[in-house]
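Peer 1: Read off the chains here:
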Amino acid sequence: MNAVFYISSLVAVIATALVVTRVNVVHALLYLIVSLLAVALIFFVLGAPFVAALEVLIYAGAIMVLFVFVIMMLNLGARGERRQKALLNPSIWIGPGILAIVLLGELVYVLIGQELPPTSGSEVSPKQVSLALFGPYALGVELASVLLLAGLVGAYHLGRRVAPPRAPSKEDP
Amino acid sequence: MILVWLIALPLLVGILAWIAERRGVGLSRWVALAGLFVEFAIVLRLWADHPIRMLTPGRATWLVELKLAWIPQLGISFHLALDGLSLLLVALAVFLAIAGVLCSWTEIQERVGFFHFILLATVTGIIGIFLAVDLILFFVFWEAMLVPMYIMIATWGHEHRRYAALKFFLFTQAGGLLMLAAILGLYFVHGRATGTYTFDYGQLMAASIPAGTAMWLMLGFFAAFAVKLPAAPFHTWLPDAHTEAPTAGSVILAGLLLKTGGYGLIRFLFPLFPGAASAFAPIAMTLAVIGIFYGAILAFAQTDLKRLVAYSSISHMGFVLLGVFVWNELALQGAVVQMLCHGISTGALFIIVGQLQERIRTRQLPRMRGFWETAPRMGAMALIFALASLGLPGLGNFVGEFLVLFGTYTASPGMAIAAAIGIVLATVYSLWMIYRVFFGPRKDAVKFDDLDPRESILLVVMGAVILWVGLFPQRALDTAGPTLRALERHVAGSTARMAGKPDTTETSLSRWMGIVLPSGRDRDR
Amino acid sequence: MAQVPMEHGLYVAGLLFCLGLVGVLVRRDLLFVLMSIEIMLNAAGMAFVVAGAGWQQPDGQIMFIFILTMAAAEVAVGLALIVQFHHHFKTLDADAARRMRG
Amino acid sequence: MFELLWLIPALPLAGFLVIALMGGALARRAVAVIGVGSVGAAAIVSVGVAAQFISAPPPGDSLTQVLWAWLEVGLLRPHVALCLDALSVTMILVVTVVGFLILLYSAEFMGDDESYAWFFAYMDLFVASMLILALADNLFFLYLGWEGVGLCSYLLIGFWYKERENARAAMKAFIVTRVGDVGLAVALLLIFTSLGTLQIQEVMRRAAQEWAVGSNTATLAAALLLCGAVGKSAQAPLQTWLPDAMAGPTPVSALIHAATMVTAGVYLIARTNGLFSLAPAVQSVVAIIGVATLLLGGLSALVQRDIKRVLAYSTMSQIGYMFLALGVGAWSAAIFHFATHAFFKSLLFLGAGAVLLATDEQRDMFKLGGLRAEMPYTFWTFVAGAASLAALPLVTGGFYSKDMMLWNAWTSPKGSPWLWLGGALGALITALYAFRMVFLTFFGERKSVVSRRPGPIMRIPMGILAVLSIFAGFLETPGWLGGMDYLSPFLGTALPGLPHAKSQPAMELFLQALTSLLCVSGVLVAYLLFVAHPEVPDRIAAIKAGGWLQGFWFSGWGFDRVYEFIVVKPFVRIALANRGDVVDTLFTGLARANEALHSSLSRTQTGKLRDYALGVVAGAVLAIGIMVLL
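Keeping their order, the protein sequence lines are chains A, B, C and D. When we follow this note's numbering, the leftmost residue of the first sequence carries the number 251, and every step to the right adds one. When we follow this note's numbering, the leftmost residue of the second sequence carries the number 89, and every step to the right adds one. When we follow this note's numbering, the leftmost residue of the third sequence carries the number 3, and every step to the right adds one. When we follow this note's numbering, the leftmost residue of the fourth sequence carries the number 432, and every step to the right adds one.
Treat the hints with care, since some could be wrong.
In the DSSO-like style, the derived pairs of lysine-lysine whose C-alpha atoms are separated by at most 27 Å in a straight line are [to be verified]:
(1) Lys798(D) <-> Lys593(D)
(2) Lys975(D) <-> Lys1039(D)
(3) Lys535(B) <-> Lys593(D)
(4) Lys593(D) <-> Lys1000(D)
(5) Lys798(D) <-> Lys975(D)
(6) Lys1039(D) <-> Lys92(C)
(7) Lys531(B) <-> Lys975(D)
Bear in mind the hints are in silico, worked out from the structure with no lab data behind them.
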């Protein structure tokens, strides 16, 4: 089963790298779904079937569908592609790349010195999770629900079309 | 309460003048003028009472004193007091304010009411400075005076008024903040040592402060006063501010604002930090002499008439700085007389420049020539004030400069000789100015009217005051005398007390420069 | 079930996080930026899950659930903003909204 | 009569005030009456006071009248007080009488000038200041008169201010004398600080008690006073202003730059003779300066073309004689020469003025000539003055005063034959240039038109002065010639006399004969060169050395050029180079640096989302890095 973990990891990393570098937004989205599914597999292998399921349902399912809706709504296709390509100029990768590598280096450096237990491979069952969730974490759940409500209201409010559409004035280019 | 009235009256009159503008700009001018005359009458009344009050035995040097609680928790009080020194300067302030109103009679045509309000608000702040003896109150007036002055320069000034106003504000503000820091430092040092936290001048005067701390606190005060005065390296705001300000602004700036610096040195810096100030004296005196020369040389080089007069101020105020830091009776009296006469003579020169500018729309020397023929009255007045500025005996400035020189010579002959040589340079630029403006063949294209009665009377009165101080200075000297003597005694006493042995005020620096500093030793033989 | 060192899981999570970070910093298209943020959130959640698996505790999964909730809300609001942005500027280029000229 | 003393300076001052304040409203005649009358009244009072002083001298031979306390600070208590002693009596007599005569002359001379009222106002102010200078009881008050006369000199040199050159000359005169005045001012400081008083007699008394002869303080004080005297009296090296000062109207030159103000230095040294006696070194410097200036001025006068410049250089040279006399301690002789010089030099100026008026301001003597027949009155009075200047033996006032000085230079303990030789040589030169001036102006062929002749108001003063020039000498004559001495004993009450050298009548007579011979030969040479053989001077000038010397002397020994080069130009250059005030660049530089910092920081505010994110990430990486690594 260890092989599954490593293969899924590799898939996840490659797919993510492709997401970041794609020009076409739809392609990127598809790679993102792949990446999320790979992560779901990792969760499953590590003995967290409940969150693996959630990952598939909510991330790869619901959230990605939202993205697809928006892409469809805005009718983004090949139109922006050429410009996007120009934007992917190698020089702009240098700064962020270096920062990311440094950050990763710091992470590795921290982890190397630690005595960490290996994952046991035994499952943390959905029951255990639910007991904890509605036991000590009940307040967090309530807060999360409030957050979701706020997200709902906010998304609804922001998503309304401002009518009539304002022509961009001269002051704000 | 008379002191509160002295401060409040100009402000009230200013507001009245502002309101009166609705009934016509002329009314606004008259209201301001009348109010100032009332104020002047009050000051003269006080002055007339002065000898009587002075003779009452058992009094402190204060003639009138008023102390109200303000923020007692912090030891801040609304403490005003008047003595001979402040009386003279308040009289000067009101006199020059009248001159300021009169010289703007035709020059200022925009927002006349507001102008008078601003002018009188500045004067209010200045009078407050001369009367406040609580350090926080002093600081409040110190800052309160800046804002209207800034507005005046920035609103009614000439071409580069914004730049000049900002520069003026930044310089004085920077100095003021250092002073605030020093005031707070003094407050805490004194509070920690004695347990009474107070900003009261009288109590702080008795404070004994460790020498190192005293030096830093003294430098904080010095920064504020040196910028205002201005002493040599901190003077560069002055030419810009004076040049760009409207005539009344220049008069107030040169005549009064600079004097607040000199007043602060005499009233606060030396009495509060006698030891540190004496130790610092050689440097300050050097700065003063540099200022005398530097201002004079620059004045000579200017092509803008107003700038020329402005730089001459730097040169003259060098004598004040010198006189204060010599700190003996002769020099102090000289510094006070010099402040009074410089205020009037330079103010008058600015007024003349303003009148010229009103007539020929320029201040550039190359565009002036032979105006004596066109305007002999103006020429004669300009000549009188130029002569005052070059220190002609019989005019007040001579008395001031020579008293300073006499005082300085006892402390440091070298400095006195250098300063005396500076008088030659004053001759050079003063005569140069007269030569460029009034002598030579007349420019045919330029024709204008000579002084009208309002202008003539104003200048003649100012000239008469200068002459009066020059020939009968004793009245002024007697007025400031008791205060100066008391301060001198205080400083001498506390220097001797703090030093323990008589000569520690002579720092290695002063020994190196061969300067004998004033200390507890009595000079009289 | 797999028995891998916990570090390895954390390495993968870190790598994913950094990739997402690079995406945020490099892309100008707001949709890509939002996607990259999703990647980063997901990577953070993954780290929790890995740790939870290592210590045999449910708290890691609970944290993931909270992160998931938050990501959902954030995506909803973010996408709504993107729609408005596109509506206003007719583009998704984030630089189009800049007013400062540095 | 003594209680009227204050009127002497007050009358001209009142005249000044009346004319200055009401000048526009007064008629010319009224101005003249007030202007001349006030000085005339002062002269009458002076004569009265002098008469009483001589007939009934006050106790101690001096008298002080305190008008009011000027200022009292600490020990400094100078009063506005007048002091009358023999020296000031002499001084005020000369000043008021000569002043009155010259003002009377000006009433006609300046008749056509548009600023008639100003002229009289300034002249009255000058006389008032000069009288204050002469009568002042303390040095502080004396300094007021001292600067006052300087001011009036400035105003009157620049009287015709429409010519730039005149205004420039006025400025130069004031500034150069002010340089000397610094010395005087510092002397005041020094004297007050070390002696605690400025009252002149008190200063002399205390100085004699406290300072040893030749001590540093005494030497310094005397040297500083000398500085002031040198500037005011146009002695080397501060003499350059005097020739230019001739730009003023001629009566001004006569009164201020010949008779009175320029001799203020002589007066000052005589007044403070006690200090100079304590500083023998300085006193010999006085004598040397005197000799140097008398030769320098005389030689320069020899080659001038402008008649007034000749007189200016001649004044310089004559005051050099007075300095010589002061330097050898012959105080009375110096004052004697001051008086005779005041008479004959103002007479010469008035004569020159009459010539200039007649020939429409033709100052070049080579363009004048032959005026003897046209203006006989002027000619004769002028000759009287010139003869006195040249010290023609026996018949002129100048002879007796000059003789007294030279004799003292020879016999005084401080004198020396070298000083005498300088003086005698000067006498030859003086005779030469004096008569060169006479011959060029009044002899030879007539080259200019005479448009007007002096009227009676101009003639009277000239006549009186001519008489005075000739006869003033009889106040003091050598032993073998009647031995009259009215002045010396009189002045002796105020000025110390010379220790009586043993009488050497033979020697005295021999030296007198020698100098007389020199004077007469000077006149003869002048006649030969400028009347008999007028081509000779040109031939001398044609030689290279002669031409160079002529140019050198003509320019007053190049002092102007040297000062221009070492003082004026560097000063102007420094001033102009720093016109923008270098200190300001310090502060504007601070402002600039702030602005640069601000703009470079504001450049980071690009408005790009990525850049901000980058910043956040970089910060986070750094923070984590610090936490991890440290």
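Peer 1: Taking the numbered hints from earlier one at a time, note which ones the structure violates and give those numbers from smallest to largest.
Peer 2: The structure breaks hints 2 and 7; every other hint is satisfied.
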